[in-house]
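Using the sequences provided together with the hints, build the complete structure.
Just so you know, the protein sequences line up as chains G and U, in that order. Residues are numbered in the numbering used here as their position in the first sequence, beginning at 1, plus a constant of 12. Residues are numbered in the numbering used here as their position in the second sequence, beginning at 1, plus a constant of 12.
In case anyone wonders, no lab produced these hints; they're calculated from the structure. Check each hint, because a few of them may be wrong.
Chain copies aren't distinguished; within one or between two, either way the pair holds.
[Stated by the list, open to error] With a straight-line cut-off of 35 Å between C-alpha atoms, the simulated DSBU-like cross-links for lysine-lysine are:
| hint | residue 1 | residue 2 |
| --- | --- | --- |
| 1 | K17 | K77 |
| 2 | K118 | K20 |
| 3 | K425 | K212 |
| 4 | K20 | K42 |
| 5 | K209 | K405 |
| 6 | K77 | K20 |
| 7 | K398 | K409 |
| 8 | K209 | K451 |
| 9 | K85 | K17 |
| 10 | K330 | K17 |
| 11 | K409 | K118 |
| 12 | K425 | K77 |
| 13 | K431 | K77 |
| 14 | K144 | K385 |
| 15 | K190 | K212 |
| 16 | K385 | K20 |
| 17 | K42 | K118 |
| 18 | K144 | K175 |
| 19 | K85 | K209 |
| 20 | K385 | K118 |
| 21 | K399 | K144 |
| 22 | K399 | K449 |
2 protein chains.
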Amino acid sequence: MITPKTLKGFRDFLPEFMLPRENLIERATKVFRSYGFCPIDTPALEYLEILQGKGSEETDRQLYKFEDHGGRKVGLRFDLTVPLARYVAQHFSELTFPFKRYHIGKVWRGENTQAGRYREFMQCDFDTIGTKSIVSDIEITLIINDLLERIDLKSDNSFTRFKIRVNNRKILTGLLDKNNISDKTTNLLRVLDKLNKIGKQAVSNEMVEVAGITSRQADQILEFVLLSGSNDGMLLSLQKMLSGNLIGEEGVAGLAELVGAVNAAGIPAERVVIDVSIARGLDYYTGTIYETFLDDLPNIGSVCSGGRYDNLASIYTKQELPGVGGSLGLDRLISAMEELGMIEKISTPVNIFMPYFVEGRLGDYLTFLRKLKLSGIGVEFYPESKKIGQQLKYADKRGFRLVIIIGEDEFQKGTCQIKDLRTGYSSEISQVDAADKIKEFL
Amino acid sequence: MITPKTLKGFRDFLPEFMLPRENLIERATKVFRSYGFCPIDTPALEYLEILQGKGSEETDRQLYKFEDHGGRKVGLRFDLTVPLARYVAQHFSELTFPFKRYHIGKVWRGENTQAGRYREFMQCDFDTIGTKSIVSDIEITLIINDLLERIDLKSDNSFTRFKIRVNNRKILTGLLDKNNISDKTTNLLRVLDKLNKIGKQAVSNEMVEVAGITSRQADQILEFVLLSGSNDGMLLSLQKMLSGNLIGEEGVAGLAELVGAVNAAGIPAERVVIDVSIARGLDYYTGTIYETFLDDLPNIGSVCSGGRYDNLASIYTKQELPGVGGSLGLDRLISAMEELGMIEKISTPVNIFMPYFVEGRLGDYLTFLRKLKLSGIGVEFYPESKKIGQQLKYADKRGFRLVIIIGEDEFQKGTCQIKDLRTGYSSEISQVDAADKIKEFL
Chain G
13 MITPKTLKGF RDFLPEFMLP RENLIERATK VFRSYGFCPI DTPALEYLEI
63 LQGKGSEETD RQLYKFEDHG GRKVGLRFDL TVPLARYVAQ HFSELTFPFK
113 RYHIGKVWRG ENTQAGRYRE FMQCDFDTIG TKSIVSDIEI TLIINDLLER
163 IDLKSDNSFT RFKIRVNNRK ILTGLLDKNN ISDKTTNLLR VLDKLNKIGK
213 QAVSNEMVEV AGITSRQADQ ILEFVLLSGS NDGMLLSLQK MLSGNLIGEE
263 GVAGLAELVG AVNAAGIPAE RVVIDVSIAR GLDYYTGTIY ETFLDDLPNI
313 GSVCSGGRYD NLASIYTKQE LPGVGGSLGL DRLISAMEEL GMIEKISTPV
363 NIFMPYFVEG RLGDYLTFLR KLKLSGIGVE FYPESKKIGQ QLKYADKRGF
413 RLVIIIGEDE FQKGTCQIKD LRTGYSSEIS QVDAADKIKE FL
Chain U
13 MITPKTLKGF RDFLPEFMLP RENLIERATK VFRSYGFCPI DTPALEYLEI
63 LQGKGSEETD RQLYKFEDHG GRKVGLRFDL TVPLARYVAQ HFSELTFPFK
113 RYHIGKVWRG ENTQAGRYRE FMQCDFDTIG TKSIVSDIEI TLIINDLLER
163 IDLKSDNSFT RFKIRVNNRK ILTGLLDKNN ISDKTTNLLR VLDKLNKIGK
213 QAVSNEMVEV AGITSRQADQ ILEFVLLSGS NDGMLLSLQK MLSGNLIGEE
263 GVAGLAELVG AVNAAGIPAE RVVIDVSIAR GLDYYTGTIY ETFLDDLPNI
313 GSVCSGGRYD NLASIYTKQE LPGVGGSLGL DRLISAMEEL GMIEKISTPV
363 NIFMPYFVEG RLGDYLTFLR KLKLSGIGVE FYPESKKIGQ QLKYADKRGF
413 RLVIIIGEDE FQKGTCQIKD LRTGYSSEIS QVDAADKIKE FL
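Pasting the structure below:
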């Protein structure tokens, strides 16, 4: 006998966890498609060379890698960005650009497991490749908005209380450029990262000591990072601060156009806010940067992030491939929705249960069920004519809402009993118009 | 520069292949759910011990296996049945039985690549675990029927021309048992498998020589395997042939109840046919066996197969877990649909394209697009205000159906031009009721 167990850091999904995940993915897919984004898929296994091409030491250490049957060095993908870069380079002549794709799939990282961290998890990425137009940055913002707005898993519940924080990498670049300290970017970012931990004064000192800038420069950088206010106010301050520096002005203009257009499209002004402190991937992104926070659960971090990059696939192709995109944190979002009571605890994909009551009437039950099905009503039928009590206990455990009971009496009369398991309400209706009645009822 | 390439036997999915696959999966999911089947998921990586537990030499040779960072021997799952068995044994106390699940996921086999064979492919399994009731066998038959009926990817096209061939393992068992040659089952099956290749006489001779049965017995087995006719006729012949043998009679009764109930449920009688020659997994299945063939493409083989088994997880648990299920051959079905012209060649998930015509009007375009979106109409908007000819060329390449054009004139008048790219029909409509007009049009 072998003990049935999963590997550390890996998990099985029981129906009650899988149903909300599948629902969420379905809704996200609809949003992507409504903007003309196409699904793609790539293999779980890639040549190690491809995966290590641009990887850091950390991703390299976390890689699941081995030799396959043909002696090839292979690995499991650790994100969907490297496969996208490889894909676009490989199929360049078969694709039409701008190429808009979404990709929902598993990735693997052999990292140390901790609370909420898994070695296998699902990623959900969306990107527009092949254009530098700010219109694509705006579209990504609209998609993030729609994703959060439309993934209401309970019918009358949706995320309206969220903020998409936007920044533009060019603003920091411009600021450092204007001060002639662009060469110190990496060191400065490392120090700035400690702001929440060690405080303003210590950061200022350290910037002077470690990065070798003047204290006036350090203060200006701090003033910049701590800027806050309305979008209009922020834009004014930034314009003033960066005036005369071409790249900085470009960054400010990009943000101005983005928030303006997003508001014109009808998104509430308070939902897309300029925040120069968000520093996600400042070493990777080159333009717009996004992070998305839930007002009610700010501490869980960003649930949808992304940004613009200059060149996706420079290690695979000479084609310059600028792009912009985002990544929806499915698992984080599901945890948040659970915490906010936005997920119904159900373990059945249909609302209706029908016990198998009269043994000799199987054909009649099936005929009735088929009629309901052709009207679009799904029903779970119990496969054994056990005692009715046992079958109802099963129904209760599974969490059905409605039970349809047809006993010999009802067959004779051409009726059925329907019973709401939550309210206890029950009623006898004709089998002929059962479909309509049940639809009304649900 | 690294050459962007995929591993041999692995493939990328371009949008035009991915869209039908995603559509097919969505429709299959709806069918499973309408019968109360729940989604589950399991890890791609499992302990090697789990995967090898019941595997044959062949699966063992094809396994992608390696040592992970913690020195554990692991492998990529090669099917969804072993993970199901492990899952049900491991979560036995958390699940409610009968447990009905579907599982759509990738599996990996390092087999020799040949036409149409891949080392990574998608499986789509559905099973009911924990009941011996024939009602579950009937339900699986209905699901197979619905899967084939409802996956019409073109609106007015569906598979009505298909046959679900059913057999019952107990019938052959009964026949051999009645002849006191059950101990020769494996050898006999091996010889019978050559029937199409070497013909009736050679098979008869070989059965006598290799399996050591009498020629009278050989003739009876051949007569049995070649039986054909209507379901009623078949049932009569089988009853006669197996009369007095308990297990054989059980098999015939099971088939009789299955075809009777399925017809009662409203499935045309000619669609579910008894065929004692189908021998899928006769060494694995213990009751009902299914295979499904398309009338128009019989040679591609079964597109949906399965059967009943006595005990799913005997190597992981002492719990007896009988079950019945099937597996939809997604890739085979998509190939078939392509061959039958049932798949529209499109590479866009929305029908409508809108060029970016007047540069200064971005906000107005976005406002209009948002209004359409809130009415449920998805539109792809071109992100660059390039020459209109270039944008329309893109639209044409991508295969959109409708183009909405708004130039400065139209903005002034509050109208838009809509143009059907297939028929050339065009019309100028008011922006205010554009949503309704476009819905009518599509």
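Which earlier hints can't be squared with this structure? 3, 5, 8, 12, 13, 16, 19
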